[in-house]
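Visitor: Sequence:
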Amino acid sequence: MWPVYGLLMALALGAISYVLGPMLVTYARRQSASFSIGNLTQQQVELLFSGIVFLVLLGVVTLLLAIAVPKNKNNITDKDMVKRKEQMAAEEKMRKKRALEIDRKLREQNRRAE
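Our numbering puts the sequence shown at residues 940 to 1053.
No lab work stands behind these hints: they were computed from the structure. Source: prediction; values computed, not measured. Among the clues, some could well be false.
To be verified - Straight-line Cα separation of at most 30 Å, DSS-like style, residue types lysine-lysine; simulated pairs:
id: 1; residue 1: K1018; residue 2: K1036
id: 2; residue 1: K1012; residue 2: K1044
id: 3; residue 1: K1012; residue 2: K1022
id: 4; residue 1: K1044; residue 2: K1032
id: 5; residue 1: K1022; residue 2: K1032
id: 6; residue 1: K1022; residue 2: K1010
id: 7; residue 1: K1010; residue 2: K1032
id: 8; residue 1: K1024; residue 2: K1035
id: 9; residue 1: K1024; residue 2: K1010
Sequences are here, hints too, so could you generate the full structure?
Guide: This is how it looks when you write it as C-alpha cells:
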C-alpha cells in the first residue's frame, strides 16, 4: 500500500509545484531587477522553478515520513538481537541479585526472631 501512497504524494507535490513555479518566477523578478532568464522561454523558466520546488518538497516530505513511520518489528538486525540479548541478561542478573538480597534479609530476620 505504501507505493500507492508514494505515487499519490508525488502527484500532489507535482501539482503544488506546478502552481508555485510561476509564482516564484514572478516573485524573483520583483525582488531582483537583475533577474535574467537567459535564452530560456518563460514556460521553460516556470517549469525549471516548478521542478526545483518539487525536489525540495519531495525531500522535506521524505524526511518527515522517514521520521514518522514506525520501525517494522519484523525487520530485526543482528545488532538489535545482540542488544536485546544483553538487556535480557542484565535483567536476569538484577533479578537474581534482588532474590539473593531478599533471601539474605529473610535469613537475618529469622536469626533475630530465634
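Visitor: Each hint: holds or not?
Guide: Verification of the hints:
1. K1018 - K1036: With Cα atoms ~27 Å apart, K1018 and K1036 stay inside 30 Å; holds.
2. K1012 - K1044: Distance ~42 Å between K1012 and K1044 Cα, so the pair is violated.
3. K1012 - K1022: Distance of about 15 Å is within 30 Å: holds.
4. K1044 - K1032: Given pair K1044, K1032 holds - Cα atoms ~18 Å apart, limit 30 Å.
5. K1022 - K1032: At roughly 15 Å apart (the allowed maximum being 30 Å), K1032 and K1022 satisfy the hint.
6. K1022 - K1010: The hint holds at about 16 Å.
7. K1010 - K1032: 29 Å, holds
8. K1024 - K1035: Within the cut-off at roughly 17 Å; holds.
9. K1024 - K1010: 19 Å, holds
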